[in-house]
Amino acid sequence: MASIRRRGGSVSTTSISFPAMTLSYIALFAWTFVVLFPLYWLAVTALKTPLEVNGGPFYIPWRDFQPTLDSWHYIFFDLREDTFRPYTNTVVVGLTSTAITVLLGSMAAYALVRMRYQVGFGAIGSFVIALAIAVVVVVAGGPWPVGLVAGIAVFVLLLQTVARRFKRGVGNDDIAFWMISQRMLPPVATVIPIYIFFQQLQLLDTWAALIITYTAAHLPIVVWLMRDYFQSVPVELEESAAIDGASPYRIFRSIVLPLAVPGLVATFLFVLVFAWNEYLIALFLTSANAQTLPLTVAAQNATRGPQWWYMSVLILIMIGPVIAMAIALERYIAKGLLVGAVKG
Amino acid sequence: MSIHASPRALRASSWWRPVAARLDRFAGGVFILPAVLVILAFSIFPLLTSLYVSLSRLGFSEGGVQLKFVGFANYAKLLFGIDRPHFLGVSGPLTPIGIAVLVAIYGLFAFLLYRYARGPNLTVGGLVGRVLATAIAGALVWLVVNTILTSGRPGTLVVTLVYVAVDVSVQYLLGLGLALLVVQHLPGRRFFRVVFLLPMMITPVGVAYLFRMLVDTSKGPLYPLWAHFGLTDISWVTNPWGARLAVMVGDIWQWTPFIFIVLLAAIETLPHELVEAAVVDGANRLQVFWRITFPQILPATVTVVLIRIIEGFKIVDLPNVLTNGGPGTATESLTLHAYTIWRALDIGGSAAVAYMLLIVVTFVGISYVNLLRPRAAAA
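In order, the protein sequence lines correspond to chains A and B. The numbering used here puts the first sequence at residues 12 to 355. The numbering used here puts the second sequence at residues 7 to 385.
The set of hints was computed from the structure by calculation and includes no laboratory data. C-beta: ideal position from N, C-alpha, C; glycine also. Please note: incorrect hints may appear among the correct ones.
[To be verified] Restraint-style ranges between C-beta atoms, simulated for each label pair:
1. B/Gln72 / A/Gln213: 20 to 28 Å
2. A/Ala151 / B/Leu377: 40 to 48 Å
3. A/Ser298 / B/Ala47: 19 to 27 Å
[As the list claims (entries may be wrong)] For the chain A half of the interface with chain B, some residues (derived, Cβ under 7 Å), not all of them:
4. Ile27
5. Asp81
6. Trp319
7. Val333
Model the full assembly from the supplied sequences, consistent with the hints where possible.
In structure tokens, the structure reads:
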């Protein structure tokens, strides 16, 4: 029976020489400066009056200019509902879609790593023919439910008959590539069809529309990233669990997922970031009710030019929760991993 | 869809519950179908609709607007017609440097093809695929050299290619370097870990405005620098390469964290013993990296770079907000190109640009995966 031993720490256990350490710190602090300076500028801009922002660079509060909370007051009290509603929307849509995406995506990723799939050319051909029929029905003026039903009927029929004669097919890697290829079309081209789709379902300007779209849009990324993490989980653990009588679901939940926690956390974090910050799809699918924060930020670009001071406040309150989450979840990424999980 | 799932080594014997046993047998489908169905539902409809739109033109008739089928007119306009300078650029006479670069790259292509043709893995499909890929890559190289290394000017396709090539390679080098630095046992490394993630967390529109603020020559924080070089009067973003550089710096700043965190997680998932054994055997840090760490994180590397390439081709917010695509169309990316002509109500032309982008990304993606996947698998 394999035993799992966890240990905190990272790969390099060798001690670091003093010059190497100094150089490392110089490089690390250099990049820290590159990262933090723009954010510092954001923070001081949020404390300036419009006059000070436009009057030339002022760097240090109290020395170069007198900080004021005017912009904060405007965002929190004057705008009030127009800030809080998008905020709630962003939180709900971001967290829900990310949770669903990571769950479905890691299931599919695990399946693509540990199981063998073969989708026959016959099945693909049947699908294309069924799709063509559905499209013809819709283009010819039929209502879309009729097209959908006709397509499904043809698909099932062909699948049970002609499709069985084809032996060859595509495998796991092709499925994975098909998934990632769905991200290649730019949103500007997909957003109109998606708009029509939700218009038909009468889901425009709702959380559901955004959650569903973000889930579909980010699934391929989760699948691809989690595939690599699952690949690095030793298969022997799962084998011994299977011998002990655990079901695939049990193995997935109790062995594979816990071992892939660092990957899950990293993936969760930036799918959340994608959903949190998405702009174009939200612009089209929402208006007053389900509007998210990126739209509020962009809306501060008024006719007289961008209102940097309000924008800075909004960006700051937008990244606040995400930073808090990154700090909270960082310990999982940092936590020790599989160390000597498999012996012998 | 006939999915023959054969759960390798996962033959569970759940005799205690027939339902569970049934579910177990269909585990292959249960695991993958939700994702496949969601992606399928959201890919086919937009794909087909925008294909149809790209083959038509929006016309105003009495009673509203109407899509009129025009065949490949939108594509012809991009490749040969009036939009050619915008999309492909204007080529000038070749300079000696351009010729040298072309000869070098074509020579490399020819050598790689020759090596494959004489090698042991030769198949007809592989050869045809490689010849085709080389031909397309050669055409793209020709386009890039003819518009950039000459007196001509690059179109949106070339500009996007430059963005992707420069951004992704710099992001990868920086991300990998930072991951290797942070993974060491240094006091305070958890601080760096979180700080390095920050740029990724800002909404891209916000980053674009932030950089517009930073590169401002009269009231931005770098004003003393511009003043020192006497550049305050001329807005340096009117210089095509200066403007492109600003866009690229913004993109690199924002997305280096993405590669950083993926590689960091990959390095931390590595088994300890390998490195320890190598160190015991007297390997130095460089050897440990090249012989152990790098091959082990290669799969994650291939993935993260592919994702960055795909996302990088869709760059839009930075050029749009920072320079509005200008000066002229110097910083316009393909997505911004599609967006601007979409705003001008040329919906068909916009979809055609989007489809050209799809074709280029698909080509780059497939070539990349086919080149690197076997290598990653072998490692």
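Structure-based check of all given hints:
For B/Gln72 and A/Gln213, the hinted distance range of 20 to 28 Å is satisfied, since their beta carbons lie about 25 Å from each other. Checked against the hint of 40 to 48 Å, the C-beta distance between A/Ala151 and B/Leu377 comes to roughly 44 Å, which is consistent with it. Separated by about 24 Å at the C-beta atoms, A/Ser298 and B/Ala47 satisfy the suggested range of 19 to 27 Å. Nearest Cβ of chain B to the Cβ of A/Ile27: about 6 Å, under the 7 Å cut. The hint holds.
Look at A/Asp81: its Cβ only gets to about 18 Å from chain B, farther than 7 Å, so that hint breaks. Among the interface hints, the one on A/Trp319 holds; its C-beta lies about 6 Å from the nearest C-beta in chain B, closer than the 7 Å criterion. For A/Val333, the interface hint holds, since its Cβ comes within 7 Å of a Cβ in chain B; the closest pair sits about 4 Å apart.
Hint 5 from the list above is the single one not met by this structure.
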